[in-house]
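Participant: Below, each chain spelled out in residue letters.
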Amino acid sequence: MKGALFCAVALMLVLVASAGAYADWGMTPLYNADHSQSVELTPSYSLSGSTYTYMYSLKNTTSSKTIQEFILTLPGAVSVSGFANIAGPTGWSALVRPTFNQLDWFKDTGSSLLPGQTFTFSFTSSYGPSSTAVAGAACQDAIGLSGQTFSPIPEPASLIAMMTGLVGLVGLKMRRK
Amino acid sequence: MLSQVGFHVRRKIEKRLAELGNPVITSKTRRKVILKTLLACALAMLICTLASSAYAGGTTTHWFAPVMLTGSSIDATGPIGSFEAVLGVTSSAGSGPFQYTYWITNNGAAAMSDFFFTCFGVKDLQSFTNFMPLSGTRMVSSTGQVYFIPGSELQDWGHYDVTANNMQVAVPGSPREWYHTSYDEYLQKEVNDGCEFNWMALDSGLTSGNSIGFAFTSIYGPSDVASDIASTTAIRSYNGDVYGPDSTSSSDIPPVPEWSSVLLAMSGLGGIQALKMGLRKRSRS
Chain P
1 MKGALFCAVA LMLVLVASAG AYADWGMTPL YNADHSQSVE LTPSYSLSGS TYTYMYSLKN
61 TTSSKTIQEF ILTLPGAVSV SGFANIAGPT GWSALVRPTF NQLDWFKDTG SSLLPGQTFT
121 FSFTSSYGPS STAVAGAACQ DAIGLSGQTF SPIPEPASLI AMMTGLVGLV GLKMRRK
Chain A
178 MLSQVGFHVR RKIEKRLAEL GNPVITSKTR RKVILKTLLA CALAMLICTL ASSAYAGGTT
238 THWFAPVMLT GSSIDATGPI GSFEAVLGVT SSAGSGPFQY TYWITNNGAA AMSDFFFTCF
298 GVKDLQSFTN FMPLSGTRMV SSTGQVYFIP GSELQDWGHY DVTANNMQVA VPGSPREWYH
358 TSYDEYLQKE VNDGCEFNWM ALDSGLTSGN SIGFAFTSIY GPSDVASDIA STTAIRSYNG
418 DVYGPDSTSS SDIPPVPEWS SVLLAMSGLG GIQALKMGLR KRSRS
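In order, the protein sequences belong to chains P and A.
Per the working numbering, the first sequence starts with residue 1, numbered consecutively.
Per the working numbering, the second sequence starts with residue 178, numbered consecutively.
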C-alpha cells in the first residue's frame, strides 16, 4: 500500500512538475546562403494538461535586414492540420499548408521584425516533444535565411507509456502484498 | 515597301548617270555608284526592318544566363544546383511594357512549395500586372543558350488570402504582394525599398525534373526590375540574383531571332541582288 502511494505521489510530482514547465532546446541560427546574415531561433514548449504549447522565439540579429515572414516545416510524422491556437505578432497572419506540413506566418498589417527585436510564434498541439524530430525554419524573403531546429514535436505516446508503466508497477506491488 | 525603296534608289541612280552625261561609264565610276547603291539599300533595309517590326508589334525575347539558386544548408549535402532560374524578358523593339518570365527548374529531390521574387529597383506595386504561372518546356539551343517554350497557364499556383475570421482562401494565378522593407539606421525606422511577390503552390508544388514559369508585366526595364529571387522546399530555401542588362553580369544575351526578322533580312538581300543585276544589265547596254 505504501509502495502504491509512493508511486502515485511520484507520478503526481512528475505531472505537476511538467505541467506548466518551460523547456527550450537552445538557440538555432538560421543562415542565408553565404552565412553573412543570420537570425536566432529558440524553440521551447510548455505543457498544460495534455496540451502542449510550442513557442518559437525569433531574434533578428542582422544590422539592417527586416523579417517579414517565418515558415516552419514540421516533420512528416506530424500533421499541421491538428495544430490549434496558431498565433504570431500583432498584425501578422498565419497560413496552414498541410501539403507541405508548413505553418507560414507573414506580416500583414503589422510591422516587420526589426534588427534587435524578438518575435514569438506559437501553436498548441496534443503531440509531445521529441528530440529526434527535426523542423525546418526559414525567414523567407530577399534574405533567405533557413536552418533546421531540433524541435519539440510529437509523442503523446511516450507520456501514455510512462503512465501505463507506473500504474502497472503499482498494480504489481499491490498484488504481491 | 522594300520594292518602293528599290524603285526610288534605281531612279536616283539613273538621274545621277544622266547628270554625269557620259554614256560610257568608267569602271571607277561604276564601282562608286554600286557602292553608293549598296549603302543606300542597306540603310533602306534597316529602316524597313525597324519600321515593319514596330508596325507588326514584333517582339524579341532576351534570355538571361541561367542562375543556380544557392541553399543555406550548413551540412555538406551540396544544395547548389537544385534549382535553376532563367529569366526571359519579352518586349517590342526594346521598349516597354516588358513581360518578365522567371523559369524555374527543379533539379533537386524535394518539391518546391514557394517562389519569391524581390524587386529592389521599383517601389510601385501597381506597376506590376498580368501575373501568370505557366507550364513550359526547357530547351537548349545549338549555342548552349537555355530558353523555354511557354505552355498553358497554371491554376495550381497562386496565393492564399487569410480572411478576418482566419479562413484561408486560395487565389489562383496571382502572387501575394507587399512592399519589402529595410531598416534605416539613421532614421531608426523601416523604409520601403522594393516590391516583393510570393507565388505559393496550391497543390503539390513543383516536383523534381519539372519547370515552371512565373510571368508578369512591368513598364520598367530589366535594369530596374530583375533582381533577387528565391524558392523554397520543405526544409531549405534557395536564393539567387538575376540582374538587368545594365549590370556587369553576363546577362545581356543576344535576342533569339524571330522568323519575321529573318525573312525581312532575306528579302532585303534579295532586293540588293536584284538591283545589282539591273545595274549590270544597264551598264552592258
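It is possible that some hints are incorrect.
Here are the in silico distance ranges between beta carbons for each label pair [what the hints assert, rightly or not]:
no.	chain 1	residue 1	chain 2	residue 2	range
1	A	Ser329	P	His35	34 to 44 Å
2	A	Thr340	P	Ser79	20 to 30 Å
3	P	Glu40	A	Tyr356	24 to 34 Å
4	P	Gly116	A	Thr236	25 to 35 Å
5	A	Phe297	P	Ser81	17 to 27 Å
To be clear, the hints were calculated from the coordinates, so they are not data collected in a lab.
We treat Cβ as the ideally placed atom computed from N, Cα and C, and that holds for glycine.
Participant: Kindly indicate which numbered hints from before are broken by the structure, ordering the numbers from low to high.
Facilitator: Going through the list in order, the structure violates hints 4 and 5 and respects the others.
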